[in-house]
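So the chains spell out like this:
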Amino acid sequence: MNIVQILLIIILTIGYYLFFQYESKKIRVRLFLLLAYGTILIFIISPESADKVAHMLHVTSGIDMVMYLSIAGVWLLAVMNFVHNKHLGRAITKMVRKNALDILCYKLRQMDKIDDFK
Amino acid sequence: MMHKEVAIIIPAYNEEQSIENVLTQLKDVRPSDAIIVIDDGSKDDTYRKAASVPGVLVARHYINLGQGAALQTGIEVARCIHARYVVTFDADGQHDPNDIAFFLEVMKREGLDIALGSRFLGSTNASTSRKLILKLAALFTWAVSGIRLTDAHNGFRVIHISKFPEFKITQNGMAHASEIIDTIKHLNMKYKELPCHIHYTDYSRAKGQSALNSVNILIDYILGRIIK
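So the protein sequences, as listed, match chains W and G.
Everything in the first sequence is counted per the working numbering, starting at 1 for the first residue and increasing by one.
Everything in the second sequence is counted per the working numbering, starting at 119 for the first residue and increasing by one.
One or more of the hints may lead you astray.
Computed beta-carbon distance windows for the label pairs [to be verified]:
no.: 1; chain 1: G; residue 1: Tyr321; chain 2: W; residue 2: Asp102; range: 52 to 60 Å
no.: 2; chain 1: G; residue 1: Gly229; chain 2: W; residue 2: Ile71; range: 50 to 58 Å
no.: 3; chain 1: W; residue 1: Met95; chain 2: G; residue 2: Glu123; range: 27 to 35 Å
no.: 4; chain 1: W; residue 1: Leu31; chain 2: G; residue 2: Tyr321; range: 54 to 62 Å
no.: 5; chain 1: G; residue 1: Pro172; chain 2: W; residue 2: Ile92; range: 44 to 52 Å
no.: 6; chain 1: G; residue 1: Phe282; chain 2: W; residue 2: Ile42; range: 53 to 61 Å
no.: 7; chain 1: G; residue 1: Thr319; chain 2: W; residue 2: Gly73; range: 27 to 35 Å
no.: 8; chain 1: W; residue 1: Met95; chain 2: G; residue 2: Arg343; range: 22 to 30 Å
no.: 9; chain 1: W; residue 1: Ile71; chain 2: G; residue 2: Arg343; range: 51 to 59 Å
no.: 10; chain 1: G; residue 1: Leu250; chain 2: W; residue 2: Val79; range: 51 to 59 Å
List of simulated lysine to any residue pairs, SDA-like, C-alpha gap at most 25 Å [stated by the list, open to error]:
no.: 11; chain 1: W; residue 1: Lys86; chain 2: G; residue 2: Asp338
no.: 12; chain 1: W; residue 1: Lys94; chain 2: G; residue 2: Phe238
no.: 13; chain 1: W; residue 1: Lys86; chain 2: G; residue 2: Glu284
no.: 14; chain 1: G; residue 1: Lys286; chain 2: W; residue 2: Arg97
Bear in mind the hints are in silico, worked out from the structure with no lab data behind them.
Glycine included, C-beta positions come from ideal geometry on N, C-alpha and C.
The following block holds chain G by itself, in its conformation from the complex:
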């Protein structure tokens, strides 16, 4: 029976260019963790490339459901391998595997239930428009959930998943980030924002969310709260 303390969940959609590098780096830095890739209905070679990296668990959605749905599938896999912590990690290579150890160390030392990555607690090379959108998202999250963060939509988080069997992501799309903040409040989780490194590249910028899509995310989030 497989039993890993940490499971790293990587939702991937059309990431054939970056997925192998990301997984190889993760395997080098975190050899004893479970690495779970959820191929979210990619139309390219993402699944085959992810599956070609030894020791990586790859599950596949046969249609594209969205990042939130892929994360929840990953969480279910993590629960089945009895992982204590899950790390949510982007497939486009913008996150740094070395941050995982720092997050886990702080979580264990301070007894945190969830540690959220923030690109604004350290130095960032995010564009001004992106910074503005993320700041607005953080303000909105503060207004709705009462939890004040500097970066509400950072994909890098570590969650003490074994402690919260009821932790579940129901928002299929990008609104899952706001839903997680709601869940923190709902489950009374002890949280902290920690600085994380984000390596923006032309590739990751191209894969990122457009400013217009933030309106869609907002609508999804509001509707998700209304329609249970």
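Bound-form chain W, shown alone:
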């Protein structure tokens, strides 16, 4: 095993550990991650196995297949992150708006000008 393979395994393991620790606690997601981790680990340790799988899928080489999967994976992650950020943004908007309305409502109530905000 060469130094690049060792480095890749270390990075992959740390990434997987962090994901496992802090991300979803759903069994389904954890199983998927474990499967992905195992597959990538096999491809790193034995690149020939990637070639075999690639040939089964009618892809020219293992490198090409890994590249396609990586692009798809990164794209999926980017979309998931974007949607997650959108939802977070909405939650922040709701919070900031509530805070603004609460403060104004408090002032108005003191002036006896309003019933209540929704």
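Using the hints provided, position chain G relative to the given structure of chain W.
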């Protein structure tokens, strides 16, 4: 309990230079309307200056969310004071308070649900590039919503808000203008474009949207339609 027929909503972000003048003019022309300023996380003295004008309701977002979010906050305040109509009005001094009476008069006479300001139905001193961008925006809105307007991104509008409890702006940024057009169609609102006066100054031009930002607005609008 406060009860005003018309609420004028002014979203403001870093408008310390103009906000006092705008509010004073509005108070002079429309003394019986509720004036609601939403300071959208300004880093300057906008909040203090707006709050110093007597009789103005000022709410503050503690971070900058965008014009659409500020308008929605203003709409929620307007609903709480039982306003029938809301006017959306810019804080940079480019809108004319005298247009409000004309818009309300036409709305009541013709039973409109929303009146949208257009700088292209009267004379305008907008630059050629701005005119081109606004025309393209109007064409895009027509293609997407089927509603043909001459000026789809004019900040001056009057909405019969009490008639539409479901009227809501979800787009935080500038794409809210296109979202409002969608809402008109969705809620089957009776609409009309009316000429309004836009006073472009060096200040308002500097505060306006850049041509490049229109791409951002377009992306926000499309994504907003996809991600509900």
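These are the hints, each one checked on the structure:
1. G:Tyr321 with W:Asp102: 52 to 60 Å: For Asp102 (chain W) against Tyr321 (chain G), whose Cβ atoms are near 33 Å apart, the range 52 to 60 Å is violated.
2. G:Gly229 with W:Ile71: 50 to 58 Å: holds (55 Å)
3. W:Met95 with G:Glu123: 27 to 35 Å: holds (31 Å)
4. W:Leu31 with G:Tyr321: 54 to 62 Å: holds (59 Å)
5. G:Pro172 with W:Ile92: 44 to 52 Å: Given a distance of about 32 Å, which is not inside 44 to 52 Å, the answer is violated.
6. G:Phe282 with W:Ile42: 53 to 61 Å: At 59 Å between Cβs, range holds.
7. G:Thr319 with W:Gly73: 27 to 35 Å: At roughly 51 Å between Cβ atoms, Gly73 (chain W) and Thr319 (chain G) fall outside 27 to 35 Å, so the hint is violated.
8. W:Met95 with G:Arg343: 22 to 30 Å: Since the Cβ atoms of Met95 (chain W) and Arg343 (chain G) sit about 24 Å apart, the hinted range of 22 to 30 Å holds.
9. W:Ile71 with G:Arg343: 51 to 59 Å: violated (26 Å)
10. G:Leu250 with W:Val79: 51 to 59 Å: violated (33 Å)
11. W:Lys86 with G:Asp338: holds (11 Å)
12. W:Lys94 with G:Phe238: violated (36 Å)
13. W:Lys86 with G:Glu284: Since the Cα atoms of Lys86 (chain W) and Glu284 (chain G) sit roughly 22 Å apart, the hinted pair holds (cutoff 25 Å).
14. G:Lys286 with W:Arg97: holds (14 Å)
The earlier numbered hints that this structure contradicts are 1, 5, 7, 9, 10 and 12.
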